[in-house]
Structures are given as C-alpha cells and as structure tokens.
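**Student:** Single-letter residue listing:
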Amino acid sequence: MTVWFAFVRKMCRFLQLIAGVTLAFMFLFTLVNVAVRAFGKPILGDFEVISFLGAIVFGFAIPYTSLLKGHVIVDFLIEKLPKKAGGAMQVFTRILGITLFLWMSWNFVVMSLDLMKSNEVTPVFKLPYYPISFGLAFACIIECCVFVSQIIETVRRPA
Amino acid sequence: MSEISIGILGIFMLMVIFLTGIELGIGMAILGFLGIGYLGTWGGASNQVVKDFFETFTNYGFTVIPLFVLMGQVAYHSDVAKNLYNSAGKFVGHIPGGLAMTTVVGATLFKAMCGSTLATCATFASVAIPEMNRMGYSKKLSTGVVASVGTLGMLIPPSIPLMIYGIITEQSIGKLFLAGIFPGLIIALFFIFVIIGWVKIDPSVARPSPRSTWEERIKSSPEFLWVAIIFSLVIGGLMAGWFSPTEAGSIGTAAVFILAYAKRKLSFKSLILSFDESLRTACMVILLIGGSVVFGHFLAVTSIPFVAADWIGGLPINKNIVMIMIIFVYLIGGSFIDDLAFMIMATPIFYPVIIKLGYDPIWFGIMIAITLMVGVIIPPVAIAVFVVKNITGEPFKVIYAGVVPFLLSLIACAALLFFFPGIATWLPSLSGV
Chain R
1 MTVWFAFVRK
11 MCRFLQLIAG
21 VTLAFMFLFT
31 LVNVAVRAFG
41 KPILGDFEVI
51 SFLGAIVFGF
61 AIPYTSLLKG
71 HVIVDFLIEK
81 LPKKAGGAMQ
91 VFTRILGITL
101 FLWMSWNFVV
111 MSLDLMKSNE
121 VTPVFKLPYY
131 PISFGLAFAC
141 IIECCVFVSQ
151 IIETVRRPA
Chain L
1001 MSEISIGILG
1011 IFMLMVIFLT
1021 GIELGIGMAI
1031 LGFLGIGYLG
1041 TWGGASNQVV
1051 KDFFETFTNY
1061 GFTVIPLFVL
1071 MGQVAYHSDV
1081 AKNLYNSAGK
1091 FVGHIPGGLA
1101 MTTVVGATLF
1111 KAMCGSTLAT
1121 CATFASVAIP
1131 EMNRMGYSKK
1141 LSTGVVASVG
1151 TLGMLIPPSI
1161 PLMIYGIITE
1171 QSIGKLFLAG
1181 IFPGLIIALF
1191 FIFVIIGWVK
1201 IDPSVARPSP
1211 RSTWEERIKS
1221 SPEFLWVAII
1231 FSLVIGGLMA
1241 GWFSPTEAGS
1251 IGTAAVFILA
1261 YAKRKLSFKS
1271 LILSFDESLR
1281 TACMVILLIG
1291 GSVVFGHFLA
1301 VTSIPFVAAD
1311 WIGGLPINKN
1321 IVMIMIIFVY
1331 LIGGSFIDDL
1341 AFMIMATPIF
1351 YPVIIKLGYD
1361 PIWFGIMIAI
1371 TLMVGVIIPP
1381 VAIAVFVVKN
1391 ITGEPFKVIY
1401 AGVVPFLLSL
1411 IACAALLFFF
1421 PGIATWLPSL
1431 SGV
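Here the protein sequences come in this chain order: R and L.
Numbering-wise (this note's numbering), the first sequence opens with residue 1 and increments by one.
Numbering-wise (this note's numbering), the second sequence opens with residue 1001 and increments by one.
No lab work stands behind these hints, which were simulated from the structure alone.
Cβ atoms here follow ideal geometry from the backbone N, Cα and C, with glycine treated the same way.
There may be inaccurate statements among the hints.
[To be verified] Below, computed lysine-lysine pairings styled on DSBU-like, alpha-carbon distance capped at 35 Å:
| no. | chain 1 | residue 1 | chain 2 | residue 2 |
| --- | --- | --- | --- | --- |
| 1 | R | 10 | L | 1269 |
| 2 | R | 126 | R | 41 |
| 3 | L | 1082 | R | 69 |
| 4 | R | 10 | R | 126 |
| 5 | L | 1200 | L | 1356 |
| 6 | R | 41 | L | 1397 |
| 7 | R | 83 | L | 1389 |
| 8 | L | 1265 | L | 1356 |
| 9 | R | 80 | L | 1263 |
| 10 | R | 10 | R | 117 |
[To be verified] Covered by chain L, according to a simulated footprint, are these stretches of chain R (three or more residues, beta-carbon under 8 Å):
| no. | stretch |
| --- | --- |
| 11 | 5-12 |
| 12 | 113-120 |
| 13 | 142-154 |
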C-alpha cells in the first residue's frame, strides 16, 4: 500500500509541477506579448496559446488539489455523523468521483481520437487540439487514483 | 414529468448530494449529466459534459484567475502586508483605536494587490492582533476587525469573485473592478467609523500608541506609493485598453515580483509556495465552474432560468422586494454551502431575473459581492472567523461578538448601495469600456 500511496503522490506532484511550469510560462508569455505589442509587433494567436496553457494549468492541477482536499465540499453534516457512517459516506462520494472521472477520461480519449482524425488545429499557430484532450484524460486517471487512495485511507482508518 | 418538474427535482437532488460531502463541482457535473441524459440522450449528455469541461479549461477568460491569485500570493509571501501595516500605523496609530484603524487602512491597501480573503485574514491576524494585544486592545475589537477587513477583497479590485461574476455573466471585468472601488472604500470608512464609535462608547477597548514623528511617517510613505503605482498600473492599464484582464494579472504579478525582489523579501521557497497556492485556488474555482456549466446546461434544457425570470418578473410585488429576496437566497445558500460556490451555481439562474427586472448587471455584481462579504463572517460557514480563530486561538464567542458592529456597517453599506446604485455604477459609466 505504501508503494501505491507514494506512486499517487508522486504522480500528483509531477502533474502539479507541469502545471506550475506552465503557469510560469503563461505569465512570461503574456508579459512578452504586452511588451512586443507596445512596439507594434503583437504575437498573433496569443489567445489560442494562452487558452492551451490554461487547460494544462487547470487540468493538471486537479489531482494534487484533490490529494490535499482543496476542493469545496459541504462537511457540516458528515462531521456530525458517527465515524462509521461518515466513512461510508466518504467511500460513496469517492466512488461517484471515480465513476465520473473514469468516464470523463474515456470520453476525452474518444474526443482526442476524433480531433486527431479530423486534424483539428487552432487558426493561427495551427496547434493540434488532441494533445490537450489526451493530457486531460491522463489527469482524470490520476484523479481516480487519488480517490482510490482516499477510499483505502478511509477503510483502513481505525473505527 | 414535465421538464420544469425534472429541473426542480434536479435542484433538490443537488442539495441532497452536497450533504454527502462530495466535491461541489463533481456533484454538479454528475447531476447535470443525469439530467441532460434523462431529458435527451445519454450519448448527447456524455458529449455535453466533456465538451463543457474542455471548453471551461481552454477558456481564455478563466486564465485571469491563476494570474491574479499569483499576484496576491506573491504579495502575501513577501511581507507587503506587514510593511503596509507598519506604515499606516505611523499615521493613525496614535489615535484612540488607531491600531484597529491601521488594520483597516493596511488591509484596504493590501487588498489592492491581493484578492484573497483568507490570505488577508491570516496575515493581519499574525501581524496586527499581537500588536493590538500588546497595547491592551479588547480581544473583541482586535479579532473582530481582522476577520472583517479580510472581506474587503471581495469588492476592492482585483476581486476574484467579481472576475468570476464577470465571466459568468459576460460583463466587463474592468467595469466591475471600477464599480467595486467606491463601495469598497465606503465600507473601509464605515469600519473606521465603527472603531471611532466603539472607542468613544468604551475607551478601555483601545489605548493609543505612541505618536510617530513626521520624519518617520515620510520615511515609511514609499510603501503606499508602491501600492498606488501597482494598482494604477493594473487597473489603469486594464481600463485604458492597454491589456486584457489576463495580461493585467501578469503585469500586476510582475510588478509585485519586482517590488518583492527589490526588497529582498521573496525567497525561492515562498515563490514555489505562491505558485502552488495559486494553482490550488485556481483549480478549486475551475472545478466549481466546470460543474456549474454542466448543471447550467441541464437547467437551460429544463428552461427553469427563463421560466423563473418570467414568473418572478410577473409577480405583483415591488421589484425591490424581489431583489431583497434574491439577496437573501444568496446569503442563506452561501451560509450552508460556500459563498463563492453558491454564487457560481446561483448566478446563471438569477441573472436572467435581474435583467428582466431591469437592474444594472454591474450593480448586481457589487450587491452580490457585498452579500459574499457578509457570508464569510456569519455562521455556519464563517471562513474569515475560522482563520482568525485558528491563528489566535480566541473563542468563537469573542470573535463573533467583535464582528457584529462591522457586520452592521456592511449591511448599512448594502442598504446605501441599494438606494443609491450610482455609488457603484457612476465610475464605470465614466470609463467608456
């Protein structure tokens, strides 16, 4: 189990690192764009680059945020429940999460294959869309792993 | 069952599923999917959910969030708040209640760079409360003022809730920022009046600090100048059309970086922490938005927002009463879920109603922001109070008692804005954005 937890943590940190580097790049890219635009040489297609970078920032940061329980939840009722019932509720919501993200991951893969087939690219830089949707599919899988870890933690917690 | 009944059942189920402790964004996405699938086809629902998340993640407009959060986090980790507090203290610290006023002034200025309520509460709870304790201030006053000033970031630009409201309702973020300035300053002023009144009634709650010399004051004034420069650059540039909101976030972050670097206040560790916090906040917000977009599509299929707009618009009651009721819905909903989450969820439903009733959407955004401010300091989910409690260890009873006078001033400002909407709409009307 320790190996599994370490693996999930490492994967989350890895995706978070990519998201962080992308955020830094997005920050620098927008700065450069403002600067060159001031000299009458704007980067054409800046919107599409930033949109792509945004998808990496948001999508890849989800698992780590979940790992640290950073998403908004309503906990006032489950906190009042007996430990066992609270645990059961926690397992139930994790299973719902796994179902959603597994299914989203599959659909992102299907979407990526469609985008690959149709060769859909952005108008200016001709950036293909499919790597983004593949990346999101991967992030969804890691999100499922986080939920599995949380189920294991809940089940192993002493009553 | 009619589509409307299914929509109402969906909203009810959403409330139930929230109580299970599921992440709100995930809960909204699941119910949105089930609703769209039930009313249409399951294949269509699958495509819709993935498309909604993909479009949310790749939406240029939302990239403004991590950049402005980053700006605030860098300011938070580089002692900007502490310096502002010390400088403001040199000017007003000697007045009875002066350290509490210093907290208001310092936090108002800090808010011009950092939109995070929690970061402001945490910073000022660590910086201002020990100082007020040292000077023998009443715990009610010291903790109450710190919990309350944290809320100012909901209004004073760059406010994250206003950015999100602007994106959801397709209103100009620049106009919303401008609209938040006067109400934000009025609330800060009201907070100062509360402190003056409190000290007049009971002088024992706050003793004056030693008076600073003019030399000390002049020496500390560059701290204000930096904030003024960064604020003018970010908001001015945005309003002048020099850059988009996303670019304004980058420019602001760069300016705060330069300031922190020049003062040698930003270590590599705090830089990493700033990025980490920004990612987590942005991600928390985007999952909420993604889920609410899916759920919003389900509601749109049921026509609930439009039917509600027609029904409420046709009610034989004064439209101001309807507006007050809507604000109460936000307040109550936000008290049980999370204020920002409830705003993201409820705005697509109520926005058509507001438009139908003929209210200004910019003004409504500001009213919602004030409602959120109230929401974060009243139970059961008084997040600003929780932060102060965690840092100071003071009992909830003391902090809540301290918050009450400031809460009343927030309500007074909301009433003022209700009767004089021009306080919010005048400045944006001049901008021509």
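**Student:** Quick check: do three or more residues in the stretch 113-120 of chain R have a beta carbon closer than 8 Å to a beta carbon of chain L?
**Tutor:** Three-residue rule not met by the stretch 113-120 of chain R, so violated; n is 0.
**Student:** Given the hinted pair residue 1082/L and residue 69/R, is their Cα-Cα distance within 35 Å?
**Tutor:** Between residue 1082/L and residue 69/R the Cα gap is close to 29 Å, so the pair holds against 35 Å.
**Student:** For the pair we were handed, residue 80/R and residue 1263/L, check the Cα-Cα distance against 35 Å.
**Tutor:** violated, 48 Å
**Student:** Check whether three or more residues of the stretch 142-154 of chain R sit with their beta carbon closer than 8 Å to a beta carbon of chain L.
**Tutor:** violated (count 0)
**Student:** Just to be careful, I want the Cα atoms of residue 41/R and residue 1397/L compared with a cutoff of 35 Å; is the pair within it?
**Tutor:** Answer violated: residue 41/R to residue 1397/L is near 59 Å, above 35 Å.
**Student:** Would you mind confirming whether the straight-line C-alpha gap from residue 10/R to residue 126/R stays at or under 35 Å?
**Tutor:** Given pair residue 10/R, residue 126/R holds - Cα atoms ~33 Å apart, limit 35 Å.
**Student:** Holds or violated: residue 10/R with residue 1269/L, Cα cutoff 35 Å?
**Tutor:** holds, 19 Å
**Student:** Take the stretch 5-12 of chain R, compare each residue's beta carbon with every beta carbon of chain L, and decide whether three or more fall closer than 8 Å.
**Tutor:** Answer violated; 0 residues pass the 8 Å Cβ test.
**Student:** Regarding the pair residue 83/R and residue 1389/L, is the alpha-carbon distance no greater than 35 Å?
**Tutor:** Measuring from Cα to Cα gives roughly 25 Å; hence the hint holds.
**Student:** Verify the proposed pairing of residue 126/R with residue 41/R, using a straight-line Cα cut of 35 Å.
**Tutor:** holds, 20 Å
**Student:** Between residue 1265/L and residue 1356/L, does the CA-CA distance stay at or below 35 Å?
**Tutor:** violated, 51 Å
**Student:** Is the straight-line distance between the alpha-carbon of residue 1200/L and that of residue 1356/L 35 Å or less?
**Tutor:** Outside the cut-off at roughly 46 Å; violated.
The structure does not agree with the numbered hints 5, 6, 8, 9, 11, 12, 13 stated previously, though it agrees with the rest.
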